[in-house]
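Below, each chain spelled out in residue letters.
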Amino acid sequence: MEAILFYLLAAVTLIGTLCAITARQAVRAIVYLVTSFFALALIFYLLGAPLVAAFEVIIYAGAIMVLFLFVIMMLELAHPEKLAKPRLSEWWPALILMLVVIGSVAVLAAARQPAPPAAFHGITVREFSVTLFKRYGVAVEVISMQLLFALVGALYLGRRR
Amino acid sequence: MTVPLYHVLILAATLFSLGLACVVAWRANVIMMLIGIEIMLNAVMLTFVGGSAQWGIADGQLFALMLMALTSAEVSLALAMVVYLHRRKRSVNTDDFDSMNG
Amino acid sequence: MKIYLSLMLLFPLFGAAISSLFGRKLPRRLVETIACAAVWGSFVCAFLAACTYRAPEKVTLGDWLSAFDLLAPLSLYLDPLSLSLAVMIGFVCGLIHVYSVFYMAKELDYARFFALLNLFVFAMLTLILAENLPLLYLGWEGVGFCSYLLIGFWYTDKRNADAGRKAFITTRVGDTALVIAVAWLFQLTGSLSITQLNGMAFLLPGGVITGIGLLLLVGAMGKSAQVPLMVWLPDAMAGPTPVSAMIHAATMVTAGVYLLARMFPLIGGSATVTAAVAVTGGVTAFYGASCALAQRDLKRVLAFSTISQIGYMMLGVGAGAITAATFHLLVHAFFKALLFLGAGCVISAMHHEQDIFKMGGLRRTLPLTFWCYLAGAACLAGLPFTGGFFSKDSILAALWLKGGGLYRGLYLLALLTALLTAFYSFRMVYLVFCGENGRPHVHAELKAMQWVLIPLALLGLFGGLLNLPDYLGGGFLNGFFARLSGGAAAEASHLEELALQGVASVLALAGLLAAHLRYGGKARAQRLKESALSSSALTMFLLNGWYFDRLYHAILIRPYQALSGVLWRRMDEGVIDDSLDRLAAGLGASGSWLGGWTTGRISVYIFSFAAGGALILGYLAWLTL
Amino acid sequence: MTFDFPILTLLILLPLCGSLLTLACRRSDLAARRVALFFALAELAVCAWICLASLPAAPAGAPAGFFLFEDAAWIERFGIRYTLGMDGVSLIMVFLTAFISAIAAVVSWKGITERIPLYFALLLALEAGIQGVFLSLDLFLFYLFWEAMLIPMFFLIGIWGHGRRIYSAVKFFLYTFFGSLLMLVAIISLYLMHGAQSGSYTFALGQLIHTSVPYGIGLWLYAAFLFAFAIKFPLFPLHTWLPDAHTDAPTAGSVILASLLLKTGAYALIRFGYPLFPEAARAFTPLLYVSAVIGISYGAWVAFAQEDMKRLVAYSSVSHMGFVALGIAAWSPVALSGALLQMVNHGVTTGALFALVGMLDERTHSRELATYGGVWGKAPVLAFFFLLFCMASAGVPGLNNFVGEFLVLVGTFRVSPAAAAGAFLGIVLTLVYTVRLVQEILFGKEKKPLALADLTLREGGILAVLAVVDVYLGVHPGPLLELMKTPIALLTGGK
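Chains as they are written, first to last, in our numbering: chain S, 1 to 161; chain V, 162 to 263; chain X, 264 to 888; chain B, 889 to 1383.
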């Protein structure tokens, strides 16, 4: 049951993403992408990461995509005639790259498949938080600093002259 | 968890390469390029989470979280820059910004 | 003895140093006095050395080259050969110095002239007295250097300077052979000392001696203007006349003969070498005499006659008659210096006109010069009982006595040359001194210059006394040189000797007669008329020295010059440098091609980055497969 | 009597300090000149003192033949030591360096008008570098000085040169630097090889000599060394940087380049190349012969075609250094003595010729032969010196070059008659181009009126000193030969 669900969700994710990257309008692309991220969040949940799934929905599908939408609207890029769509010839290198990457990863991953875990259990929020703040305290601090810098940088870039 | 890690990885790889294709192909639009980057980052997160599930360790999920934080920082800056550049050149085409030409 | 020898060298050296360093500051008279005094001082030393001479002596003055087993100290060697030459050089050069004082009275750059003249004497004496080959080479090159600068003394005329250059380079070709011989000898024996080398002749294999002998011969050819390296000497007449007298007649050009005589104990053992020397000498003697027949320039006549006479000396050496060769060398020095100095008087009197067909009538206006010149010409022609007669005859006798087809042939060639010699000598005398059409300018210096001729004329005429034939009481030189290896000449019966001398004197007189018939009296005017017209091909051939100059120009000089340009432009700048420049340009081009990837377009960078990553991934996958 | 005073370090530091002090004289050009000259002369004085002082034959710890020796740990981790040593050969070269540097300082007294303090500072720095090359006995130290020498020269050509100076400077730099890099590779491989064999990793020449290098590898390593040295020499096909560098360098730069820099290659070949790889060196001897013999004749031949005086003299350097290479290739006591003597002689004579050409150039602003003619009448003193040095260069005996060439030829003939025979041609060809030079400049008529003053006292002084050295070495080379006797005997195993 879970497996079928996983494959379904995977299909949704992939189709959503595909639609997103081939979309005619940036806004549509964002909407497709949000769909795809929702499916991805569910996959996270399936993989025993409810917290990450929640954050995926909140931060990605919620905050970041909305940010994108704002910018798109601000720059008035929503009109299709303004978007220079990539020509087919520009897709070819991208396709080749895709094939190489997928093929290589498939081969590499197939080469050493670890045995499935004996007893799968999700990771509890408690376990997660303990690891985060005990082992990776410094990283948390660094990330917070980085967010601060990003904030300052964005403010600096966005001010009017 | 009944899905083998292999399949998760294949999904992640496909997702990643879609993002890559987006970045490579959409040279005319910075926004789409950034979207491609987001897709790739999500693929990476999927890999992390998959690994975490495979071995039952929290670290993978943790890195996914950190990635998210990182991404938000990146996106905020990048979009600010897009706005800034658009204001200067009235364009989002990356090929217009070639002042790094050697 | 040591003091004499060192002073003999030091006097002229100091003279040269003073003249060259301070000459332009000192008064003219002082420079002239110093120069003359230096040479005469040198002569006095040589004379005193001759008076006290007992046996061959080796004197070491100091250290020069000593590297491991190579030893070449500043050491001198005095034996009859070097002693007699040193005395002759001192005397002749002394006279020529005095002569030059008057001859160059109008010249402003007298300091340079006398400095070089003195330096020349020093180098020549070093050459003569050197005990080892490097020191000999020092003198050898030193005289070449002085000759170079003295020929081009009037350097503002390009032709003079070119003549000097020609002389220097041509003789350098010979010198190189000499250096090779020296190096070879050192390789074989580990010694450079002439006395030691001469003593080692029996240790060396015959083939090697032949090789060394031929190399020495080439060296002598260069310095002594023998065929085929003789082209420089006629041109060398571009120098002032005293220089021609001193360097290109009396002393330097005989250095080659001296070298062969000096090394004779070593090289005399090889029949090939002596034959080669003799053939060179014979051919040169004939070549010189034939060319002298057609010359119009007074000094060039003398130059070709010098070539010819040195050829005789080489014949003497080739015949193994060192005494005869040296005898002729000494006498020739006297009478050839006399002829040149006389020519100098004539040229000076004729307002520097050198064409003999434009001269004449000097017999009456310059009687002293005429008589002295006549004496010189008689010696040159080998008229009986002059010095030249005895010396030339001793060479002819030696050739005859050597026997064998080759030497008999050479003897006949030498006889023919003697005939030609007598002819051109008197052709010259008749053209210059007889007739009427000269308007000489007799100035005060000229009168003084003439006096210098007298001692030389006496020495030339009575030089035969140095070495009279046995039937006249025997010679001084024969006895003096007897102990020298190769010095003792083959003995001829009195009768045979008389017969040989008879033949020679008949030929000389025949030459005189022929010259008289063709150029004497009325015929002279006729010849003068003819000379104004175009000359025959044969005359042109002889006048231009058998066109050797043109030949060398075509086969050596032109290709050399052309090739030097080709080597530079095509080879050096073309191939070697250009290939590197191309390499550099190629590297630069490839760099800018790579730089072309730096388009500044993010899309390109991203694609390259992604492609690189994909490639790495692909490679890893390929490894796992 | 022991010498604890580090006199060899002083020899290197003295010019270096002088260089810094000169650089400090920003205010007054005259002061800069004077300081530079003072230090150059002080260096010369130290050298003279070394010659005159009777030094003990062998100080403690010194290799055989060295009478001054300094050794101190430097970078111990890599076995790099600060080892300096002086034997007869290096004393000669060091003395030559001090002498020529002083001359170069005086030569450029007037000719340089821009950035004078920097110029003299570079000149002294160059001197320090060259002294270091001649003194160091540690391969790393040697390499350091070897490279350090390039930098001042590069700037001297690039800043104060004429014509295509940047091109020439870069060419010079690239050429020599390329060679040195190959040498560095060889040095490091030798270092590793020795370390692997003996367990002690060191750059000391005295120990590296004992490394047993496999024949095949030795060939490669020696080839790398030889390549670096051959470029400096310069040997036949690697010489094309020289005419350009010489032509475009300032006068003093040409003097130093010809007199000293070219010598470092020869010196290093004698000091490092042959002792480190005796077998490989023997294998390469025919190549060296061929290159030397071709270089002698080819240089002389090409020199004949030149229209530019400086270029002519530069090609003559190629020819003369061919004799040095020939002497080294023969590696017999006599030939090697000749080669060393020829190094000194070429340094003095060619240096003087470059100085003379520079003086002519300063007066008429032309180096074309075609401009000149009849200089003898205009400037007799200059002409006198010109002739003297030309004749010395042509190897007229009694002047210095003859002595060296003669010893080289005779010594080489002993070992390899064929090689020497090829070189004899050079005797004639040398005269041909020299006489052409004399002819075109001194003799003939003035082609066009030249404002040609005779020598000033300063110029005359320089040339007179050089001329005295020329004649002295030509007549009495004994002291030099005596000095180099012991080292050469040790190097060649001769008597």
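Treat the hints with caution; some may be incorrect.
Quick list of in silico lysine to aspartate or glutamate cross-link-like pairs, EDC-like style, CA-CA up to 16 Å [to be verified]:
| no. | chain 1 | residue 1 | chain 2 | residue 2 |
| --- | --- | --- | --- | --- |
| 1 | X | K369 | X | D618 |
| 2 | S | K134 | V | E235 |
| 3 | B | K1266 | X | D425 |
| 4 | B | K1335 | B | E1195 |
| 5 | X | K288 | X | D372 |
| 6 | B | K1333 | X | D425 |
| 7 | B | K1333 | X | D420 |
| 8 | X | K421 | B | E1334 |
| 9 | X | K621 | X | E793 |
| 10 | B | K1266 | B | E1195 |
| 11 | B | K1335 | B | E1256 |
| 12 | B | K1335 | X | D812 |
| 13 | V | K250 | S | E76 |
| 14 | X | K785 | X | E699 |
| 15 | X | K665 | X | E793 |
| 16 | X | K369 | X | D812 |
| 17 | B | K1333 | B | E1250 |
| 18 | B | K1373 | X | E699 |
Some chain X residues close to chain B (C-beta under 10 Å, calculated; not the full set) [unchecked claim]:
| no. | residue |
| --- | --- |
| 19 | L333 |
| 20 | A368 |
| 21 | G407 |
| 22 | G453 |
| 23 | E616 |
| 24 | S827 |
Simulated from the structure, these hints should not be mistaken for laboratory data. Glycine residues also receive a C-beta, built at the ideal position from the N, C-alpha and C atoms.
Structure-based check of all given hints:
1. Under the criterion of a C-alpha separation no larger than 16 Å, the hint pairing K369(X) with D618(X) is inconsistent with the structure, at around 22 Å.
2. Straight-line distance between C-alpha atoms of K134(S) and E235(V) comes to about 26 Å, which puts the hinted pair past the 16 Å bound.
3. For the hint pairing K1266(B) with D425(X), the CA-to-CA distance comes to about 20 Å; that exceeds 16 Å, so the pair is violated.
4. The straight-line distance between the Cα atoms of K1335(B) and E1195(B) is roughly 15 Å, inside the 16 Å bound, and the hint therefore holds.
5. Taking the CA atoms of K288(X) and D372(X), the gap is near 12 Å; set against the 16 Å cutoff, the hint holds.
6. Simply put, K1333(B) and D425(X) have alpha-carbon atoms about 13 Å apart, close enough for the 16 Å limit, and the pair holds.
7. At most 16 Å may separate the alpha-carbon atoms for a hinted pair to count; K1333(B) and D420(X) meet this at roughly 7 Å.
8. Between the alpha carbons of K421(X) and E1334(B) the distance comes to roughly 11 Å, so the proposed pair stays at or under 16 Å and holds.
9. Using a Cα cut-off of 16 Å, the hinted pair K621(X) and E793(X) holds, with the two alpha carbons roughly 13 Å apart.
10. For the hint pairing K1266(B) with E1195(B), the CA-to-CA distance comes to about 21 Å; that exceeds 16 Å, so the pair is violated.
11. Proximity of K1335(B) to E1256(B) is assessed by CA-CA distance (about 12 Å); at most 16 Å being required, the pair is judged to hold.
12. At roughly 27 Å between alpha-carbon atoms, K1335(B) and D812(X) are farther apart than 16 Å, so this suggested pair is violated.
13. Under the criterion of a C-alpha separation no larger than 16 Å, the hint pairing K250(V) with E76(S) is consistent with the structure, at around 14 Å.
14. Only pairs whose Cα atoms come within 16 Å are accepted, and K785(X) paired with E699(X) is accepted, the gap being roughly 11 Å.
15. Proximity of K665(X) to E793(X) is assessed by CA-CA distance (about 44 Å); at most 16 Å being required, the pair is judged violated.
16. With a C-alpha separation of about 33 Å, the suggested pair K369(X) and D812(X) falls outside the 16 Å cut-off, and the hint is violated.
17. Taking the CA atoms of K1333(B) and E1250(B), the gap is near 21 Å; set against the 16 Å cutoff, the hint is violated.
18. The straight-line distance between the Cα atoms of K1373(B) and E699(X) is roughly 73 Å, outside the 16 Å bound, and the hint therefore fails.
19. Hint on L333(X) holds. Least Cβ distance to chain B is approximately 5 Å, under the 10 Å limit.
20. Interface restraint check: A368(X) against chain B, minimum CB-CB distance 20 Å, threshold 10 Å, status violated.
21. Proximity of G407(X) to chain B holds as hinted, the smallest CB-CB distance being about 8 Å (cut-off 10 Å).
22. Look at G453(X): its Cβ gets to within about 9 Å of chain B, closer than 10 Å, so that hint holds up.
23. Of the supplied interface hints, the one on E616(X) is violated, with its beta-carbon coming no nearer than about 23 Å to a beta-carbon of chain B, more than 10 Å.
24. Annotation: S827(X) was flagged as interfacial toward chain B, and the flag holds, the nearest CB pair being 4 Å apart, inside 10 Å.
Of the numbered hints given earlier, the model fails hints 1, 2, 3, 10, 12, 15, 16, 17, 18, 20 and 23; all others are met.
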